[in-house]
Amino acid sequence: MAAQPVLDERSLIKVQAPPASLEREPLVGSQHGPGWLSDRIAGVIEGETPGWWKISFAISVTMMTVCFALILYLMSTGVGIWGLQHPVMWGYAIINFVWWIGIGHAGTLISAILFLLRQRWRTSINRAAEAMTIFAVMCAGIFPLIHIGRIWYGWWLFPVPNSNGIWPQFRSPLMWDVFAVSTYFTVSVLFWYMGLIPDLAVMRDRAKTKIRKFSYGLFALGWTGSNRHWSNYEKAYLILAGLSTPLVLSVHSIVSLDFSVSQLPGWHTTIFPPYFVAGAVYSGFGMVLTLLVPLRRMLKLEEIITVRHVELMCKVTLATGSIVGYAYGMEFFIAWYSGNPYERFLFLQNRAADPFILGPLFHVPPAPYWWAFWTMVTCNVVVPQFFWFKKVRTSMLAVFFLSILVNVGMWFERFVIVITSLHREFLPSNWGYYGPTWVDILQFLGTFGLFFTFFLLFLRYIPLIAIAEVKGVTPQADPHHPLGGAKVGGKH
Amino acid sequence: MSTNPHSAGRSGLELSKFRNLPVILIVAGAIGAGLGVAASGKGVTQFAFSWLLAFMFALSLCMGGLFLVIVHHLFDASWSVPTRRLCEHLACLLAPTMLILFLPIAILAKTIYPWMRLTNPDHAVQSKYPLFTTPGYYIASAILFGIWWLYSNRLRYWSLRQDETGSADCTRRMRFFAASGVVLFALTLTLAAILWMKGLMSEWYSTMYGVTYFAASIWVTLPTVYVITLILQRTTVLGNLVKEKTYYMLGSLFLAFTVFWAYVNFSQYFIIWNANMPEETFWYVLREKGTWDVVGKYIIIFGHFFIPFVMLLRIDFKLKLATMLPLAAWAWAMHFVDLEFQIMPAVHPNTILTPGLLSDLGCVLLFTGVLMIVFIRSLNRHPLYPLKDPRIAEAMDVYVPPAAEVSVTPQGAK
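Chains as they are written, first to last, in this note's numbering: chain A, 1330 to 1821; chain B, 2 to 415.
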């Protein structure tokens, strides 16, 4: 073998600074100190309640009230008020359940998986994303519960003795959902709360009224910020991150099994678990962008939730959207590859055949839900591709608009999966067409009221950015940066 | 072999212990393959399948290298700077080396793929026209190698250009190839797995198949890169560049892909098992016969998943040579067994324990020897690491003021 440089303690490696155009932007803008960070984040809670908050809260509470009123209507009347009819017996309720569960994926992914991957940029967005996760899972949980019709028997889903000796059917993926979602919710709440403790102590110490001091102090659990507290906190955080990581993946994998363990064309496909997880992360990040892009401006947090954060979230959205696109492609490819006539029929004649191009091209009538399918493809495959461009990623208006399309697209994905596979059975005489009723639509919109009511309360009473964590990613906390004490070439 | 321009004024690479290893592997592999083929009694069929297995094994490593280069640029990572050049060389093995090694498969395709021998193709084959026709097979294969050649070559070309110029433009060009490459990587790897491996049983289909081969490929590449980095760190100037975090990250990704591989394989199995449709289950039923049952139920589940999973959970294990070197060897063995499970039931339906196993092992050793020669030649021709990578200061945990340059030794700046 020819000569190669050998290891020698005197060997020099020349290290250049990156070209100016490739310099990384700091995670916290303007190199502010820790005090400024505390003031700015806590100031969101301590300042006057903004007008936009009051208006938004009033609208949200109204919508939430409509949702609960309609649930009462449902309980008094039955699921006949929905659009369900043979052969589509899974309608908006399941679509909304899967959609909200998907939204609830970003928070714990940011908190747990990005933490384990040492992604320091997570610190500015993890708190709000975790809160969003919890509220989204609450919204999701409503739908399977009301879907059983007699809500008061919901506790039969749990394996507890009851007077009829009825035991849950553990072979049903719907039962797996119960355990997966409730475990995920529990661990997500614990993880969120534990991360809050140091910040609740900050709020306690800054409180000017006795009620505030008592309330924050109660939940701060006597936190003093001692070395021992931090040491225990870090260990517990790591353990919970480790526990949460498989849960993030398992929840939507199990939701996907609701469909894929069946034999129905369009549902039974082996790629569903990772495809559903990717889709969930995609929609979760879409919602985080929808919420944080306007909030960072309205709450004057642009120097903490920076353009770099928005860009990075756009990149995750692009990556997961592309994985979803790959999965769509594989479904079509394997439907063709398999030669299975039912799969081929479903994908072409139930989903994709539009009246303008594919229908005439393949000489087939338009699919009844072609509009839903192409909305899905446009929003989930085409829209994220705009995030390849830095100009788009750095335009907050564009990101906000595209993130809403991401949410729309993912709702339509669930619509396409559920409805297009069900509305045409193997027997053509059993074919039907599904349409929602006004109750379906208002109930879905009502869950937004529930979601935003909780989220707005969160904004007013809990620090929406992890104060302690974000201080750790400032240049002052970096031993390799001059502000953190480093000298040129690494001598500290 | 030419002299590394970065090695001026330094003594030679102390790899004399390994000097003859590639040749030994080639000779031993050829002898093993010859004996295995002769003893199996299946002649050229056995050789063709053994060669296919070895090819898919080597392809995993090359595709894994290409993937690591692509994600390095997409993530704008710094920890992977010291390993980037190694991965670029791995990726560049795809063409022309792997293309040349593909020729026996191309020649013996009719022996390998039953669908090519059908005079009256059944519905399962006809429905795959024009992909599953003889011209379709060769055209698709040529396209795959063409795309791999283009991307692996361009990524290394601009990387080497940056060694000379240090220009940000080179980084932008690499990012362009990485961005477009990641899409093509996914599509071509899937097509390769379907065309060359799943095509052995053309009636069977699964949307997850490409993902399972992807997971296995990256899984086996990570410990390979780990070991190569370790060898070079201990013997070359790379030792001044590689930090503990590089090994930690490689080990963590190894753990992540251990879980991911198990996750996608379990998902595929579980969904097929639960739906219990004959047109899907037959693929697994075939693999429940004879000793394949033991391979599937015990060796792969425990060997491919549980053992690496448990070992990689500990941070200190990920950083120790004493654990990672045996684990890397174990990963190669398990990937070999996994590919046996995918490919060989088509020719040995009842057992893995045939003389053909010797032939399979021999071909893998032969491939390893050939790839090692080309890889080491590439190492010696070019600098061992990207000299002017914009993230090199971050990789070394040093602060360099804007537009400045410092010289660093393990002890600090000069």
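Hints should not be assumed to be uniformly reliable.
Stated by the list, open to error - Below, simulated DSS-like cross-link-like pairs (lysine-lysine); rule was C-alpha separation at most 25 Å, straight line:
id, chain 1, residue 1, chain 2, residue 2
1, B, Lys321, A, Lys1644
2, A, Lys1644, A, Lys1537
3, A, Lys1343, B, Lys244
4, B, Lys246, A, Lys1343
5, A, Lys1800, A, Lys1537
6, A, Lys1564, B, Lys321
7, A, Lys1800, B, Lys321
8, A, Lys1629, A, Lys1720
9, A, Lys1564, A, Lys1644
10, A, Lys1564, B, Lys246
11, A, Lys1564, A, Lys1800
Claimed, not checked - Among the chain B residues that face chain A by a calculated CB cut under 10 Å, a handful are:
id, residue
12, Phe76
13, Asn121
14, Ala125
15, Thr135
16, Gly137
17, Ala141
18, Ala169
19, Ile195
20, Tyr210
21, Tyr270
22, Ile273
23, Glu281
24, Phe283
25, Val401
Unchecked claim - Here are some chain B residues the structure puts well away from chain A; computed CB gaps all over 12 Å:
id, residue
26, Gly44
27, Leu75
28, Thr112
29, Phe146
30, Trp150
31, Lys199
32, Glu204
33, Val265
34, Asn266
35, Phe267
36, Phe271
37, Pro391
Treat the hints as calculated values from the structure; they're not laboratory data. Even for Gly, the Cβ is constructed at its ideal location relative to N, Cα and C.
Compare the structure with the hints numbered earlier in the document and write down the numbers of the violated ones, lowest to highest.
-> 1, 2, 7, 9, 13, 15, 16, 17, 24, 27, 31, 32, 33, 34, 35, 36, 37
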